[in-house]
Amino acid sequence: MSDTPRYYVPHSSVWPIVGSVALFLTAFGAANFVQQSTVKVATATGSFGAPIFYTGLALIAFMMFGWFGTVIRESLKGMVSGLLDRSYRMAMFWFIVSEVMFFAAFFGTLFYARIISVPWLAGAGSNLETHLHLWPDFADTWPLFMTPGGTATEAMEAWGLPFINTVILVTSSVTVTFAHWALKKNRRLPLQIWLAITVILGTTFVVLQAIEYIDAYNELGLTLGSGIYGSTFFMLTGFHGAHVTLGATMLAVMWLRTLKGHFTPDNHFAFEAASWYWHFVDVIWLFLFTFVYWF
Amino acid sequence: MIAHAENIPRGRHPLVQFIARWVLTTNHKEIGTLYLCLSFTLFMIAGAMAMLFRLELAQPGLQFVTANFYNQTVTLHGLIMVFGAVMPAFVGLANWMIPMMIGAPDMALPRLNNFSFWILPFAFFMLLSTLFMEGGAPNFGWTLYAPLSTTYGPPSTDFLIFGIHLMGISSVLGAINIIVTIFNLRAPGMTLMKMPLFVWTWLITAFLLIMVMPVLAGAVTMMLTDRHFGTSFFSAAGGGDPLLFQHVFWFFGHPEVYILILPGFGIASQIIPTFSRKKLFGYRSMVYATVSIAILSFIVWGHHMFATGMPLVAELFFMYATMLIAIPTGVKVFNWVATMWRGSLTFETPMLFALGFVVMFTIGGLSGLMLAIVPADFQYHDTFFVVAHLHYVLYPGAIFATMGAVYYWLPKWTGNMYNERLGKIHFWIAVVGLNVTFFPMHFVGLAGMPRRIVDYSLPFSDLNLVSSIGAGFLGLSQLLFLYIVVQTIRGGEKATDQVWEGAEGLEWTIPSPAPHHTFETPPHVE
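Chains G and F, in that order, give the protein sequences.
Residue numbers for the first sequence follow the working numbering, so the first one is 1 and each next one is one higher.
Residue numbers for the second sequence follow the working numbering, so the first one is 296 and each next one is one higher.
Quick caveat, the hints were computed from the structure, so don't treat them as lab data.
A hint or two may mislead.
Some, not all, of what chain G presents toward chain F, calculated at C-beta under 10 Å [claimed, not checked]:
(1) L134
(2) P136
(3) I228
What follows is a set of in silico ranges between Cβ atoms, one per label pair, in the way DEER data are often shown [what the hints assert, rightly or not]:
(4) F/L753 <-> G/F291: 51 to 57 Å
(5) F/L775 <-> G/P119: 53 to 59 Å
(6) G/G82 <-> F/S580: 22 to 28 Å
(7) G/T264 <-> F/K789: 38 to 44 Å
(8) F/F359 <-> G/D137: 49 to 55 Å
(9) G/G82 <-> F/A621: 40 to 46 Å
(10) F/F524 <-> G/F291: 37 to 43 Å
(11) F/D677 <-> G/G82: 54 to 60 Å
(12) F/T486 <-> G/K260: 39 to 45 Å
(13) F/L426 <-> G/G78: 47 to 53 Å
(14) F/F359 <-> G/V207: 19 to 25 Å
The structure displayed is predicted, hence computed values, not measured ones.
Where is the CB? At the ideal position from N, CA and C, for every residue including glycine.
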């Protein structure tokens, strides 16, 4: 065979160990941080958690910059064979699968609360005795306006900001596809414009989400502490928001790289990875909108 | 042909070179060695904890440790054995063997490989550091049940949570690497259905890891927010449910059980044909059985929760689904036995470990069937019977498989034969120690001795003393293992390339010891 598979094996690299130290500092700092920022543990130990945590995060950013920079330089030198490109693609696919399962844990929690724990606390199934003994006044509603313990909250309306955000995110999934088509036809200007629009839409989404949170805390009394409705609401939308922020950052980096003239019609794995990720956060949002806000 | 880049600078101080070599390496063999060394270190640490609480349990009453410290060692023993000893050992074997078995030059993503490994020492440093914290280490068992871990957990629980996040990241990245390697880097002609079973079982294991480690991450994240941010996932007063934790945990936990055993199945399927000098009986059915076990593992988590008051229909579903797993597992055991049928068997140390695996794993599997029966489980639940069951599947399962694999492939790794006589002595001490330790636990468990409690009533005394004596032998036998491995690395009778007369597969076509880089040009598999 003329093209014996040529596989690039890097000899040694400093970035993984930088990443490991960074992750350790982040985790170690975060564990101290959560303890020192709550009353549960007296702050006798001081407040070194936060600085360590932020140092860790900065080091993670530095590691990504260095590591991805190395990979980009290798790619520009033409060291990436078709085989390696396929490895990258598969790895990104399985990474997204793992992310889907992370959200699955929280969706499972939401469905468990809605289908099992809340009705059972209100006496469904064989739980009437428990209900009458523990919280006889508790009623089964969703959104859960009043917890068994007596914490009240209002529900987030689906057709205000959340609906606008849905439109924004779906649109951005379309615009990133337009950018991809432009890239495949090597039309650089439309590529940059569509990509810029996508990043702007993503940023708008995050800003609106922040406004929604402020509204929830100030107007609706909907907080992390307002029972299982608030818990699932903020856990799902919060982690989704974090993923949108990450996705938008990835796309912004891709935009900067297009300005530097990176990517060709047949070699643009990083762009595709970022756009897959973007479609993934979009799909998660559609489930969120349906089950957290709408029904 | 491989392109190289970024060589380690030469001419520095030897110590700097040594550290740089192991910290910066992207070579699958070196990273495999790192995994195996870390695994054995943690195995000894968690084993020392077991020695400590077996010493305490040798007699009723409180002798050496406080109840709280007992709980802490039980918790850390479980967590470290699962995440620190067994999983890294299998990943280490995967790193060493998968590229050599499929004719690949290295793992698909070598830098990611280094990253996956070097997260782990930090994670276990964090986990072990909890022992020295105010309030002590986590003391609620490796299953982390809420509200013990939320409302009542010691402050160090937060370090456990973030430690688990680190382990999860490491496992998922490692699993991604293994899947991509297997799908993308097989030598020409190495079709999926020609892959050695160790590779097949690891492919399925990696899939399970990607599916369930994120779920564990979600579970401990909810633990964290319940502890510090006022959420009520596991609190009934807020509309949540402490039992929800068990559901989420065991949705991770049951596939995790197969993560801990499937590579062991693969190892047995490599060793037994070699020493029977026959092809593996029923290769296809082995593959299909592995896949079925993986699929079923997602729908049986409720059997860990029969005593929690689930609706009857759920208990029945989980009971029957659990029993279904006996079918593919039975297929495997049948195939191993049929492979040996009329083979010309010899009993070198790896074969002894593989046979120990088949026989004693089957005992653990059968006690598992007993536990799967709902009304019977009400009696067995949370007794030492469960401890006996899980140690019979994990010790002769995961750990015997790993040790068999080390004896099997050590000559290929080091170029030297290990001391066969000492290897056999190791095996027999381990087998006797294992059964003396764990078999009596069946009886005390059936008689009602609860697990995870520092003290017990007088009638259980004799059998507990027997268990503790067995545990001592079992612990000592591992020091012999360490001695044998070190001795083999330092020298010994030179191994041939083929090593074992009946061995088949690509890893035996390369020299012993395996050179730093193998299969730079992919071999062609007929």
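Index of numbered hints that the structure contradicts, given in increasing order: Violated hints (numbers, rising): 2, 6, 7, 10, 14; every other hint is consistent with the structure.
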